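Next come the chains, spelled out residue by residue.
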Amino acid sequence: MRLLEGEKVTKNFGGLTAVHNVDFDINQGEIVGLIGPNGAGKTTLFNLISGALPATGGEIRYKDERITSLKPNKICKKGIARTFQLIKLFANMKVFENVFLASLFGVSTETNKSNAKKESEELLEFVGLSAVKTTAAKDLTLANQKRLEVARALATRPELLLLDELMAGLNPTEVAQAMELVTRIRDKGITVFMIEHVMKAIMSVCNRIMVLDHGVKIAEGTPGEITTNKKVIEVYLGED
Amino acid sequence: MDRVKVISNRFFLPGLLLFILILLTTMPLFVQPYVVILLTTIIMYIILTLSWSIFSGPTRYISLASAAFFGVGVYVSAMLGQVLPLPVVIAVGGLVSLMLALFIGLLTLRLRGMYFIIFTFGVSELIRHFLLWWETNFTGTVGRWVVAVDHTTVYYVMLIIFMMALLAAYLVRRSKFGLALQSIGEYEEAAVHIGINVTILKTLTFALSAFFMGAAGAIMATRWTYIDPQIAFNPLFSFMPVLMAIFGGIGQLYGPVLGATIFALLEEVLTTEFPYYYMLLFGIILIAVILFLPGGLVGLIQRWRRGGLEG
Chain P
1 MRLLEGEKVT KNFGGLTAVH NVDFDINQGE IVGLIGPNGA GKTTLFNLIS
51 GALPATGGEI RYKDERITSL KPNKICKKGI ARTFQLIKLF ANMKVFENVF
101 LASLFGVSTE TNKSNAKKES EELLEFVGLS AVKTTAAKDL TLANQKRLEV
151 ARALATRPEL LLLDELMAGL NPTEVAQAME LVTRIRDKGI TVFMIEHVMK
201 AIMSVCNRIM VLDHGVKIAE GTPGEITTNK KVIEVYLGED
Chain F
241 MDRVKVISNR FFLPGLLLFI LILLTTMPLF VQPYVVILLT TIIMYIILTL
291 SWSIFSGPTR YISLASAAFF GVGVYVSAML GQVLPLPVVI AVGGLVSLML
341 ALFIGLLTLR LRGMYFIIFT FGVSELIRHF LLWWETNFTG TVGRWVVAVD
391 HTTVYYVMLI IFMMALLAAY LVRRSKFGLA LQSIGEYEEA AVHIGINVTI
441 LKTLTFALSA FFMGAAGAIM ATRWTYIDPQ IAFNPLFSFM PVLMAIFGGI
491 GQLYGPVLGA TIFALLEEVL TTEFPYYYML LFGIILIAVI LFLPGGLVGL
541 IQRWRRGGLE G
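Sequences listed follow chains P and F, in order.
Numbering follows this note's numbering, with no gaps: position 139 of the first sequence is 139.
Numbering follows this note's numbering, with no gaps: position 127 of the second sequence is 367.
The shape of chain P in the complex, shown without the other chains (with noise of 0.2 Å):
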């Protein structure tokens, strides 16, 4: 079933188009990878869906129904929850409060504090952080700020997950880690589309790959139809 889907999707910053006639769908149960070079418009596109940003022209439809000018917080209510490339938590509250704000607001039914604990808990155990809950959030490794970031997005109880660069900056431990945390996510049943620069995690956790360039898509199809593909290999592996 598709869960996702955008038409002709554009946003310019002035001058500038950061993307182009964008097409794209997501079909429920994927992990849907988005790579391109730096500036090619992929957080850009993941701000469009989320409603960071309004949209300059184009359509993106969530269960058939069009997203495209509502705000983030109804975006949010409608099961579509995201992470940041760079980290953006509530770095003086406690980790475990991270979680239950995400857990109290932004679920669609009405819920109570004790719900909300108790789920803001097990996602807690879920991502590996039951540990340091007490803890405020700015005293967490980037790993684990990164956790966080993952656990308060799930919070919301969202069917699509938008992750944006979970894996930079991590070890390849963590990276190992982090590519297990994202498939159990899609064994929850959670749908995820996400950005990502570290090849080998890409490659082999996604089912389906779209390339971004210039804010024009300009490649997707299973990650062994990108690594042949000649003009992703131009724009983005590079021939060196």
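Keep in mind the hints are simulated off the structure, nothing from the lab.
Hints may be right or wrong, so weigh each one.
Listed next, the in silico DSSO-like pairs over lysine-lysine satisfying Cα-Cα at most 27 Å (straight line) [stated by the list, open to error]:
no. : chain 1 : residue 1 : chain 2 : residue 2
1   : P       : Lys231    : F       : Lys416
2   : P       : Lys63     : F       : Lys416
3   : P       : Lys88     : P       : Lys113
4   : F       : Lys416    : P       : Lys94
5   : P       : Lys118    : F       : Lys416
6   : P       : Lys117    : P       : Lys94
7   : P       : Lys88     : F       : Lys416
8   : P       : Lys94     : P       : Lys63
9   : P       : Lys188    : P       : Lys231
10  : F       : Lys416    : P       : Lys78
11  : P       : Lys113    : F       : Lys416
12  : F       : Lys416    : P       : Lys138
13  : P       : Lys94     : P       : Lys118
14  : F       : Lys416    : P       : Lys71
None of these values were measured; they are calculated from a predicted model.
Starting from the known structure of chain P, fit chain F onto it as the hints suggest.
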């Protein structure tokens, strides 16, 4: 040992609050009118600081519109004091300020940081100058008389508004919205992405804080008996709550209360004892606090308690 400590802590705070409350309620019976008037002014500052910190404390949106909300209350009192009973006048004063805050909120809460500070300051000044212009050109007289109310009544009304503001601040803090306001101060973009409707939350909290400022203005006007735009919308009413809150420390509920009390007392002592050096001394003390007590008085108390526990 721990058990004893927990029990004594649990009874200590409500006990202390009750004691202060009884003391404040019975105060007018056994002190001079001067003290009652002084206390009224102090409580007025506490209300301004406390309600300012309901919104600006957790969100870190520094508002300089307090004078606008306070002054609107003052003017409502001056205009309606003769036709309506006192409790209604005060409620209307609060409500008009609340409406004004809703309007300003919807206009400005998209602004952040410095822009928000300057805009809110501009709004207070705009209202002050507009009223001055209006009175000069249309009513023909600048300033108004306000129906006087006796000192004790003013004191008790102020006390009631203070207790309402304290209760509101407490309830907001411990509700889920208190936590959400804090997350706005931490990272607003993330807050909106986890489903918090930040626009509505900010606007309503801003309006709630304005209500108490307006009510305080409405009762204060009856003590002043004469008011004009310069008195009602004095920019000091915008700056004082900020300074007092910083002085006291914003992290805890008692911070703004403590800060406003000591600040107002200090001001009173300095103006009466050292009228010529008042501003100078005041400035020095303020600078010292900001330099050496970044967490305000609350920070000092917390440090002392931690030190005490270790030793």
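Under the constraints set out in the numbered hints, which ones does this structure not fulfil?
1, 2, 8 and 9
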